[in-house]
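Build the full structure now, drawing on both the sequences and the hints.
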Amino acid sequence: MKSNYKRIGDYIKVLNNRNYDMKTDTLLGINIDKYFMPSVANVVGTDLSAYKLVQKNQFACNRMHVGRDHKLPIAKSKSDCEFIVSPAYDVFEINDTIVLNPDYLMMWFSRKEFDRNAWYYTDADVRGGLSLSSFHDMKLPIPSIEKQREIVTEYQVIQNRIENNQKLIQKLEETAQAVYKQWFVEFEFPISKEYAEEIELSEVEGKPYKSNGGEMVWCEELGKEIPRGWEVKPFTQIVTLSGGGTPDTNKEKYWNGDIPFFSPADVVDSYYSIYTEKNISELGLKNSSTKLYPMNTVFVTARGTVGAISIAGCQMTMNQSCYAITGRNDMNQYFAHQITLSAIEKLKNEAVGAVFAALVTKNFDSQILIEPEKILIKSFGKKIKPIYDYILNIVKENQKLSELKDLLLSKLATVEG
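As numbered in our numbering, residues 1 to 417 make up the sequence shown, in order.
Keep in mind that the hints are not guaranteed to be accurate.
As the list claims (entries may be wrong) - With a straight-line Cα cutoff of 20 Å, these simulated PhoX-like cross-link-like pairs (lysine-lysine) come out:
{"hint": "1", "residue 1": "K112", "residue 2": "K56"}
{"hint": "2", "residue 1": "K23", "residue 2": "K71"}
{"hint": "3", "residue 1": "K251", "residue 2": "K224"}
{"hint": "4", "residue 1": "K374", "residue 2": "K193"}
{"hint": "5", "residue 1": "K224", "residue 2": "K346"}
These are calculated hints, taken from the structure and not from any lab test.
The structure presented is a predicted model; accordingly, all values stated were derived computationally and were not measured.
Next comes the structure, spelled out in structure tokens:
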């Protein structure tokens with residue numbers, strides 16, 4: 001161990017500040033990915049005065065399930081406002097921030113190697129918890145405060161870029177959904193030249209359909225008017241649903257190849273998934289029921305996290321816990337994705353109070369949706385494609401930035417100065 005490695009417990013102070021004066025009722029938990037989040041605990045009727053207070057630049061951690069999760073949920077508060085956490089959590093702060101920078105310490109806690117080390121220490125606990133003394137005995141390198149600040153600045157530049165990209169992705173996704181809603185829910189798609197000529201009103205070309213006198217017809221199945229020429233069909237007659245499979249897990253030659261293998265664990269917050277936890281080989285593909293799906297195939301999880309949706313950011317295979325969705329009759333995948341979002345949202349709204357253990361084909365059969373005219377679907381695809389392409393490019397950039405961030409974290413072990 002290098003001489004600049006120091007015992008964590010010598011640089012922190014455990015706090016026990018309780019919410020006795022009921023300063024706040026903002027209760028947060030700690031995500032497994034090491035950030036504070038709104039608590040999911042039901043605290044109706046609970047006395048919150050015993051809960052622990054957390055202030056800016058203080059830390060909280062949950063040592064109870066490290067052995068099970070292989071991670072230590074720990075987070076640093078960035079908030080200017082106090083909040084509370086479970087009485088079971090440890091809250092602590094750094095003794096002297098001129099010696100140890102809080103952001104530098106949080107970087108150390110974010111390392112995969114730190115979690116592996118924490119998990120190793122749980123061997124002494126039959127319940128898989130990390131004892132406070134073991135946590136205190138863990139060590140980290142502490143270079144000069146100037147060096148720490150330099151490292152933190154470099155790290156935060158990358159992290160801020162990732163966060164800004166995530167915000168941009170969210171805006172782009174909202175834009176794509178707004179266009180879909182305008183065209184296919186509110187029926188305000190731009191009037192085509194052909195339709196304008198048909199009704200002998202050339203001046204309405206390009207203007208919103210419904211608000212400019214576009215012809216509507218009554219639809220009994222939906223109980224509302226829809227544009228003339230549109231059809232109403234079960235979801236499974238608009239798109240094609242396909243399945244997946246898993247190569248024999250006992251045959252190593254089927255795994256760790258170059259072919260991404262999508263499962264519910266690979267769902268992300270943005271539209272596109274470009275990384276999978278597992279890969280299979282060509283042999284695994286040939287000797288199983290899984291299929292190689294093209295980029296932009298829409299995946300819907302049928303088990304586990306039911307109804308989560310991702311788009312394949314490259315060619316991918318898929319396990320049997322998902323459906324692959326592709327458009328029929330040369331339908332572009334951008335429309336197929338948006339109509340899938342609508343179908344799943346409709347399913348969830350209809351199932352209020354019910355819990356889906358799994359999605360089956362009949363669930364999709366039950367969804368009666370509008371299929372617009374082909375020329376309009378094609379026009380929508382052309383309009384929306386640049387947005388999807390931009391989203392995919394940003395997702396790829398964030399993947400590279402995350403790899404750079406992990407590299408920077410891994411180098412902390414050898415930091416000097």
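Hint by hint, which ones does the structure fall short of?
The structure breaks hints 1, 2 and 3; every other hint is satisfied.
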